[in-house]
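Fit chains B, C and D to the supplied structure of chain A, relying on the hints for placement.
Number of protein chains: 4
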Amino acid sequence: MKKSLSRICLPAVLLAAALPAVADVPVANRAITQAEVLAAQQGWCQALLDIGAAHAQGGRAAAKALAEKVIDTAYGYQLGPVLFKPTLTVAPQTFRTTKAGALAYFVGGDPAFPKDEGFALKGWTRCEISNSALFIAGDSASTQGNVSFTGKDGKVTTVDKTWSYVKDDAGRLRIVVHHSSLPNTPR
Amino acid sequence: MKKSLSRICLPAVLLAAALPAVADVPVANRAITQAEVLAAQQGWCQALLDIGAAHAQGGRAAAKALAEKVIDTAYGYQLGPVLFKPTLTVAPQTFRTTKAGALAYFVGGDPAFPKDEGFALKGWTRCEISNSALFIAGDSASTQGNVSFTGKDGKVTTVDKTWSYVKDDAGRLRIVVHHSSLPNTPR
Amino acid sequence: MKKSLSRICLPAVLLAAALPAVADVPVANRAITQAEVLAAQQGWCQALLDIGAAHAQGGRAAAKALAEKVIDTAYGYQLGPVLFKPTLTVAPQTFRTTKAGALAYFVGGDPAFPKDEGFALKGWTRCEISNSALFIAGDSASTQGNVSFTGKDGKVTTVDKTWSYVKDDAGRLRIVVHHSSLPNTPR
Amino acid sequence: MKKSLSRICLPAVLLAAALPAVADVPVANRAITQAEVLAAQQGWCQALLDIGAAHAQGGRAAAKALAEKVIDTAYGYQLGPVLFKPTLTVAPQTFRTTKAGALAYFVGGDPAFPKDEGFALKGWTRCEISNSALFIAGDSASTQGNVSFTGKDGKVTTVDKTWSYVKDDAGRLRIVVHHSSLPNTPR
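Residue numbers (this note's numbering), protein chains in the order written: chain A, 1167 to 1353; chain B, 1167 to 1353; chain C, 1167 to 1353; chain D, 1167 to 1353.
No lab work stands behind these hints, which were simulated from the structure alone. If you're wondering where the values come from, they're calculated on a predicted model, not measured in any experiment. Hints are all accurate, no fakes.
Here chain C is said to cover these stretches of chain A; the calculated rule only asks that three of the stretch's residues, wherever they fall, bring their Cβ under 8 Å from a Cβ of chain C:
id	stretch
1	1193 to 1201
2	1240 to 1249
3	1329 to 1335
From the three backbone atoms N, C-alpha and C, an ideal C-beta is built for every residue, glycine too.
Okay, chain A solo, but in the shape it has when bound (with noise of 0.2 Å):
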């Protein structure tokens, strides 16, 4: 999405389309528009940074505070099982259809998950996303791409991610699928 400050002038009829058509009559839209996956998406990053930077100045418990605030506005596991398959984490524990098993992933501290670290407190200082292709089928939308991540070394972490969003009764976009994995590697 390329911004300008120059001003763009249409013929009106043309804008029409574009606009909002019916001011004056009541919608409800339950459908995901393009514009609403890519906030969501962008929302996911900052809210990566914040726990890390929360846990900056708060420690693990100020990070987990906010975790689990994050995961509940940005998650969906109050509608069911979430299918979350982490970057970093292995058998028997790959899988976290669980919100437990989400917030020990990005926090660790969890005995029941011992593997987990915390993914959210390694000191990330930039995210950002580079979408291979989108796919919205109306109440529920994909994404599938590239994250990269930078490290307070400078160093670079780039991820393959997929991510599947519905959109709830209160009109916000949850994360129901999140596949992430580090890159095929050949031998």
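Here is chains B, C and D on its own, set in the frame of chain A:
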């Protein structure tokens, strides 16, 4: 939707929200937008007038040929039964779940539907839509409101009308629910 | 749906297709099934009779309290405007996009809707549904057909009715489209 | 899904809830069921083995002809870009949004995708699915879990896999998201 010939100038940054946001990423979009719904409604009105014009020029055969094309492109009979309750049908043929029943309603002349006179052949000169509200569910969308038909004599007939659409694989909205009724007249 | 008290025996392998197939895998299911639609329809009829019974026992106040509860649980006014065209309303209050408008229609007594007498207070003794067809779009589902109401005097009133439902986050079907009309009576 | 040859007897009234409930009413059903998802998964495994068998008998040309048919019927490239991250691809060709990219992955031999050896030609003798969870959104459905491939030498390769399906106009599930990755191996 008021149109004007004047030009409207907007900061490009505002406009960006309305235009496709990720120009170079392929996107499949099966969600239904408000603009698509309004265009489908206008298409229905125009098709009704077109069938009437075909009738005036080429008689019922021409009207029937066009009506068949319209039903094939605007209704969802390929997808299954359509929930169609036209304005003027009576029991036991109130509901027209098949294409044959829809065609008979619009152009008449089918001995299997002896009471159908051909709603599209009544010489309508205008067809105007006034929505009460829209509900976009994601992969389906519904409208409810009034549709007003102006006859050759200038008399206006207004009906209460509900339409629901789904988007087919080719990206086209198709009517899968259509309930039309004359206003209730209390005795 | 015909019920019988006899027992039906099927090979277990056939039965498996109808029963939950992956018993130990968590499943979130936001799709709408035919059985859910039929149950929601029956629930509407039962609620109408229940409001009438509350009226007979406790007067309009009791009927109103129950009707409010019914609207809150069976309609989708929490999700946005509902596309509701009741059988007996007249312009300019034909469409009831708000909960207040729906409540007035069912129990009357609201000076803002002076022509509403309270459809649920008419003493109906039976409410029967005869579907013409169903269209399940995935996250929404629509029905169309007749609903017949039997009055205290045994007289039956039959209407043409369309309902559309969506499933809310709690898994409950909610009516978001409701178009009801008396049969067309050709002059 | 455990099958048994014994017969199970249920009261008809219970059974009615599981069997089609309105036998004589036409129903269009675009929702996705759990059974359809499980069948689509099995179909993918079977197709993989079938392409391998075609290769063994008729060489790469035969495998390619079958793979093309499989992609045309099981994936959603007709509907737009498919979000496909195969197990073994590497940057800059990690994601296969086009049919050509999918075909190259399965059978290799395409100079435009020089690193593809043909995953389906590796002589797999078994393909088994173990789901972690399912999320059925209505008009789309997702699965996540493990898929295990047994090689000619009996060695089992297990991958983490996410699939999402939509139902096309003909009622067929099509894969529109596919993310597969080798298990994370902590260093």
